[in-house]
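**Student:** Chains as they are written, first to last, in our numbering: chain R, 1 to 199; chain U, 1 to 385.
Bear in mind the hints are in silico, worked out from the structure with no lab data behind them. One thing to keep in mind: the hints can contain errors.
Said to hold, decoys possible - List time: in silico SDA-like cross-link candidates among lysine to any residue, alpha-carbon distance up to 25 Å:
no., chain 1, residue 1, chain 2, residue 2
1, R, LYS165, U, VAL187
2, R, LYS192, R, ASP113
3, R, LYS90, U, LYS332
4, R, LYS90, U, LYS323
5, U, LYS379, R, ASP113
6, U, LYS332, U, MET254
7, U, LYS323, U, VAL187
8, R, LYS11, U, PRO370
9, U, LYS379, R, TYR73
10, R, LYS11, U, GLU300
To be verified - Quick list of simulated restraints, FRET-style, between CB atoms:
no., chain 1, residue 1, chain 2, residue 2, range
11, U, LYS379, R, SER151, 37 to 43 Å
12, U, ALA274, R, GLU10, 40 to 46 Å
13, U, THR118, R, ARG75, 43 to 49 Å
14, U, THR118, R, GLU112, 50 to 56 Å
15, U, GLY342, R, GLU10, 32 to 38 Å
Unchecked claim - Here's a subset of chain R near chain U, in silico, CB distances under 7 Å, partners left out:
no., residue
16, PRO70
17, TYR71
18, PRO72
19, TYR73
20, MET110
21, GLY111
Yeah, the Cβ is synthetic: ideal placement off N, Cα and C, and Gly gets one too.
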Amino acid sequence: MTETEKGKAEKTEIIITGFGGQGIILAGRILGKAATLGDHRESTLVQSYGPESRGGACSAQVTISDSPIPYPYVRNPDILVCMSQGGYEKFGGLLREEGTLLIDRDLVRMGEDDRPRFAIPATRMAEELGRKMMANIIMLGFLTSVTGVVSPRAARDAVAESVPKGTEEMNITAFNKGFDHGAALLKGRRKKASGKTGA
Amino acid sequence: MTKPAVLTGEHFMTGDEAAAEGALAAGCRFFAGYPITPATEVAERIAERMPQVGGTFIQMEDEIAAMAAVVGASCAGVKSMTATSGPGFSLMMENLGLAVCTETPCVLVNVQRAGPSTGLPTQGAQGDMMQARWGSHGHYDLIALAPASPQECFHLTIEAFNLSETYRVPVLVMTDEIIGHLSERVVIPPAKAIKTVSRPRAKGRKDRFLPYKPGPRGVAPMAAAGEGYRIHVTGLTHDERGYPVMTVEAQAEMMDRIMGKIRNNREDIIRTEAYRLDDADFVLVSYGVSARTSLAAVDEARELGIRAGLLRLVTPWPFPEEKIRALAGRVKGFVTVEINLGQMHLEVERCAGGRAPAYLVGHPGGTIIPPESVVDMLKRISGRT
């Protein structure tokens with residue numbers, strides 16, 4: 001992640017991975033759309049397109065930048081989102097050292113890997129909402145609040161524009177669930193951190 | 001449901017989708033095709049959109065028939081297109097030649113994938129560049145454009161129609177799986193800001209019409225089938241009337257016309273784009289997705305103190321021979337960057353004519369070339385390693 005003086009990332013590379021069918025590509029598309037059309041930045045999406053997009057470890061590579069992106073492939077992401085064990089195993093090693101790892105807590109077992117991570121039971125939460133297939137949108141909300149890589153408004157607009165007609169409200173609810181979960185997690189961490197310094 | 005042909009606004013879409021939208025904006029109202037990865041999304045989008053604009057989409061039994069239908073529809077006066085890849089491109093070669101010989105405007109989008117044969121159906125390459133030039137039998141000239149982004153897939157598909165209609169020649173849009181499936185910002189301008197060109201139309205007495213009598217720029221006005229003009233369309237060598245004439249003289253005259261209208265208008269047709277070329281010692285020559293790699297490599301090499309520049313071929317065909325010849329006199333070397341094992345490289349080498357060395361950063365196909373491969377080559381030939 002290249003930092004500008006303001007501390008805002010000038011270029012962020014993201015890989016979202018999971019099973020084909022989980023809506024991984026759609027999540028990538030919404031993210032790119034939010035960055036491009038909502039936040040008026042540059043973005044590219046390279047989607048995996050082989051048989052993996054129909055069941056195997058599939059991935060969406062998204063780059064978001066303030067300047068044009070000549071080379072759209074992501075090799076070492078700043079942010080890695082894993083929604084399946086296979087995806088974690090295939091892409092986990094690519095994350096940059098200071099990168100941010102997000103996982104679906106119930107679907108990814110990290111074993112001895114003790115890297116910091118942001119974990120959310122996205123699929124379980126989606127099931128509780130009555131639509132397992134909205135796990136990707138919950139994850140997108142979570143990603144938005146935890147990383148701030150796109151603005152919440154741009155993300156919500158892109159969600160509403162990208163999901164099937166008639167499901168917009170339901171998907172925004174799912175997005176908000178993920179977003180709030182992330183916000184609560186961050187708040188908890190901040191509290192803990194300030195507690196440690198004795199403030 | 002009626003929707004506008006031009007979806008004015010800002011979009012986040014793939015190259016395939018953008019090519020489809022470009023076609024509609026150019027006035028294309030007939031598409032015949034056969035689904036094939038990674039060009040299927042062009043057909044998919046067009047299949048959805050054609051009925052909204054009063055056009056026709058037809059899925060044919062194979063690519064041979066698809067190309068035939070495109071030639072036929074264009075003869076009937078409708079701007080026509082197909083999209084294909086890999087083996088489908090091979091199957092279209094015969095009727096591509098028919099379009100050349102009958103001087104029928106049409107556009108063929110080739111979303112290149114790695115070959116030969118079935119190859120890597122879901123992975124990109126730029127291996128059809130020489131097939132684009134020479135794939136149909138006999139000697140001929142045509143025009144090929146190479147978009148480097150979804151935005152260009154939109155604009156250059158419009159340009160392809162305009163060139164095709166101006167010169168009555170098939171025009172190839174040589175994109176690839178990577179650009180075809182890449183999503184990026186695509187800005188579609190208002191309809192009235194889009195320049196579209198239609199073929200020169202037949203005028204005068206319908207019974208005295210000569211369908212292959214050249215007009216301005218060497219291009220004959222075209223009558224649509226059913227308009228009442230006397231026309232005869234054949235793939236046999238023909239005279240101004242369109243009648244078959246099996247003589248050496250008729251062959252020479254026809255060839256002179258179909259080659260001449262491209263060769264004599266090279267300046268109007270050829271498009272290149274220069275990046276940091278003015279003081280460059282080493283010139284990258286590239287097109288399509290590999291031009292993006294090259295763009296990144298130029299900046300990286302400059303940071304290392306290597307004066308690199310990029311000549312991007314917007315129209316690989318006709319090849320900008322004069323540009324390469326002019327550069328060959330003052331640069332230290334050319335590096336062609338392409339996802340094949342040396343195709344446009346041969347043209348660069350030919351035009352450099354030994355006055356500057358020509359190197360290749362090629363790839364057998366399946367992925368984009370990383371900028372490091374190009375920077376490594378530049379380091380090597382500039383003596384930095």
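**Student:** None of the hints should be skipped; say for each whether it holds.
**Tutor:** Hints versus structure:
| no. | hint | in the structure |
| --- | --- | --- |
| 1 | R/LYS165 to U/VAL187 | holds (24 Å) |
| 2 | R/LYS192 to R/ASP113 | holds (22 Å) |
| 3 | R/LYS90 to U/LYS332 | violated (43 Å) |
| 4 | R/LYS90 to U/LYS323 | violated (46 Å) |
| 5 | U/LYS379 to R/ASP113 | violated (39 Å) |
| 6 | U/LYS332 to U/MET254 | violated (42 Å) |
| 7 | U/LYS323 to U/VAL187 | violated (31 Å) |
| 8 | R/LYS11 to U/PRO370 | holds (18 Å) |
| 9 | U/LYS379 to R/TYR73 | holds (23 Å) |
| 10 | R/LYS11 to U/GLU300 | holds (17 Å) |
| 11 | U/LYS379 to R/SER151: 37 to 43 Å | holds (41 Å) |
| 12 | U/ALA274 to R/GLU10: 40 to 46 Å | violated (26 Å) |
| 13 | U/THR118 to R/ARG75: 43 to 49 Å | violated (28 Å) |
| 14 | U/THR118 to R/GLU112: 50 to 56 Å | violated (42 Å) |
| 15 | U/GLY342 to R/GLU10: 32 to 38 Å | holds (37 Å) |
| 16 | PRO70 | holds (4 Å) |
| 17 | TYR71 | holds (5 Å) |
| 18 | PRO72 | holds (6 Å) |
| 19 | TYR73 | holds (6 Å) |
| 20 | MET110 | violated (29 Å) |
| 21 | GLY111 | violated (30 Å) |
In summary, the structure is inconsistent with hints 3, 4, 5, 6, 7, 12, 13, 14, 20, 21 from the numbered list given earlier, while agreeing with the others.
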